[in-house]
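Peer 1: These protein sequence lines map, in sequence, to chains A and B. The first sequence runs contiguously to residue 530 in the working numbering. The second sequence runs contiguously to residue 530 in the working numbering.
FYI, nobody ran anything at the bench for these hints, they're computed from the structure. Possibly wrong hints are sitting among the right ones.
Repeated chains share a single entry, so a pair holds when one copy, or any two copies, can fit it.
Claimed, not checked - Okay, derived cross-link-like pairs now, PhoX-like style, lysine-lysine, Cα gap no bigger than 20 Å in a straight line:
hint: 1; residue 1: K393; residue 2: K470
hint: 2; residue 1: K462; residue 2: K484
hint: 3; residue 1: K484; residue 2: K457
hint: 4; residue 1: K391; residue 2: K344
Protein chains: 2
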Amino acid sequence: MKISLIGSGNVAWHLAPALEDVGHQIVEVYSRNKKNAQKIAQKLYDAKINIDLDFDDSVAQLFILAIADDAIEEVIKQIILPENCLLVHTSGSKSLEWFDNLVKIHHDLPIKTGVFYPLMTFSKTKIIDFKNVPFCIEAIEETSKKNLVKIAQQLSKIVYSVSSEERKTLHLSAVFACNFTNHLLALSQKILEEKGLGFELLKPLIEETITKALLAKHPADVQTGPAIRGDESTIKQHLSQLKGSPDLQKVYKTMTESIQNID
Amino acid sequence: MKISLIGSGNVAWHLAPALEDVGHQIVEVYSRNKKNAQKIAQKLYDAKINIDLDFDDSVAQLFILAIADDAIEEVIKQIILPENCLLVHTSGSKSLEWFDNLVKIHHDLPIKTGVFYPLMTFSKTKIIDFKNVPFCIEAIEETSKKNLVKIAQQLSKIVYSVSSEERKTLHLSAVFACNFTNHLLALSQKILEEKGLGFELLKPLIEETITKALLAKHPADVQTGPAIRGDESTIKQHLSQLKGSPDLQKVYKTMTESIQNID
């Protein structure tokens, strides 16, 4: 299939060459920033750079929006699309209904809409094996949905048909499990670094923690540490160790209370 | 070496057979609860059960306290030990100085003291490969330290000589990286479960998050998500999704602010 990619962030960076690897052709890459579009185009077979969102003459049948959630509305307003193309976004939190309405408001030509959401964390410098990336698919029309599922199945062995409501829940839970978890590791390293200790020391523990949590029926069943034991003297000592860092103290208190209150 | 184990919790459960596997003999296992002591003794070659803390006639040279931090003081008061034995605790947060003073106050006979702290999370149902468990060793006397390092090296390839101050920092950072992280996964599962979604869906993302964080020089360098992007409309939507759960909202707000404030 001929595909245009709107965006040059982390998702676009990995998704574009992965789509070509399974036999599709990226015909255009759009970015406000020409250099960013060029960087992705260099990894592709024969993609043109687009910097004005005018795709009137495009031969693409599928347009993938891989941009920040906050930018979707503005791009929909500006983009010029060929008739009957399929336009999808890659966001975890934007409903298909909202997206489809937005397209209808700003476009007179018939345009099909859908969602092509990879439930994964992407960074430019880290290679991703798409085979293990869960894709959450949604579309207004059944044919669009079938096509999106087919493309997702070429990329990955984990493809789900997921409603907007379910996708929102998945995205929210991913913020806890992924974004917040990464931040805890960052705070943990900060605590060590301030005392001249290396993060290496904690790595076996972190790996074991995750392995254990993912093997358990419920991660709550394998909770350990002073909060769950109700070990108040250790909690008090930890808060005093953090007395120079009100932000870390607040995270410590909030997480400890939450562990003690979970039902 | 002949060793007595005081305690029947998760650490004792795994440490006792591991010590026998590398050639030591556990001669006694103490627990207030006889059944718990028996359960561990059943996994050992020829360990006696002790329920009164009287080790006057013990042939053990090393006594390992694997009990809750809050219980250490009471056990030191009650325990009767043979002269010149080495008594160690396995706690991350109790200083050797505090421990040694406590022993001196309550015991007239000369008793050597040390710390034998495995930087790991233990649950009874999950097998542990001790080869990858970092051990943090400390002792008042050089000979005791050498002996403890030797035993730790038989169990593990990661053995450190660590001061009480450093151990406290390691333990605090482990609470963030391990206990709090596990709790985030528990919350994440709770969010999914309430909407009838399976935790399986998030597992590839969680695995990738941890792999990426541990490969990065600093986990903060690979932070992703609405908080770090300053994506206020998604943050607002997430908080509204959580409006029935004040505890989850509090965790969300605290973590988001902390991500946005980290220097």
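Peer 1: Next, verify each hint and record whether it holds.
Peer 2: Going through the hints against the structure:
| no. | hint | verdict |
| --- | --- | --- |
| 1 | K393 to K470 | both (19 Å within a copy, 18 Å between copies) |
| 2 | K462 to K484 | between (37 Å within a copy, 17 Å between copies) |
| 3 | K484 to K457 | between (31 Å within a copy, 12 Å between copies) |
| 4 | K391 to K344 | neither (28 Å within a copy, 58 Å between copies) |
Of the hints listed earlier, the one the structure fails to meet is number 4.
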